[in-house]
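**Student:** Sequence:
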Amino acid sequence: MFDERGPAQRRNDRSGALQRDEVKRVWVDLAIAYPRPDEPVRPMPEGVDLQSRVPGELLAWRRTTTGEWVGWVCLPVRRGEEIRYVYQYVVAAALSLREDVPDKRSHDGSPGR
1 MFDERGPAQR RNDRSGALQR DEVKRVWVDL AIAYPRPDEP VRPMPEGVDL
51 QSRVPGELLA WRRTTTGEWV GWVCLPVRRG EEIRYVYQYV VAAALSLRED
101 VPDKRSHDGS PGR
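Position one of the sequence shown corresponds to residue 1 (full-length UniProt numbering), numbered consecutively onward.
For the record, the hints were derived by calculation from the structure and aren't laboratory data.
This structure is a prediction, so every number in the text was calculated from the model and none was measured.
Estimated spans, in silico, between C-beta atoms of each pair:
1. Pro35 with Thr65: 16 to 22 Å
2. Pro40 with Glu99: 35 to 41 Å
3. Tyr85 with Glu46: 15 to 21 Å
Virtual Cβ for every residue (Gly too), placed ideally from N, Cα, C.
I would like the entire structure built from these sequences, with the hints used as guidance.
**Tutor:** Written as structure tokens, this is what we have:
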């Protein structure tokens with residue numbers, strides 16, 4: 001999925017994480033990052049939403065002790081109307097590249113109709 005591990009990356013002197021020269025926009029599937037238990041759970045509408053798909057920014061890759069890749073990602077987490085931006089490692093399976101929707105202007109800079 002992400003084939004740019006190589007010259008486009010450098011090590012962060014402070015954390016040792018592989019960092020991209022540019023931030024990659026990604027989707028983060030929180031349901032994959034935080035799988036639900038098999039047993040039924042009582043819904044809590046006022047709780048933290050960890051089951052949605054949210055836009056994020058992939059800042060770096062890091063290997064785990066078992067050899068899997070995880071992304072260092074900035075992403076929004078919602079609790080009711082409150083949104084907090086957090087930085088955390090996310091398993092690669094929960095990340096996918098995101099193409100932002102272009103604005104509705106024509107290519108010559110004039111507003112589109």
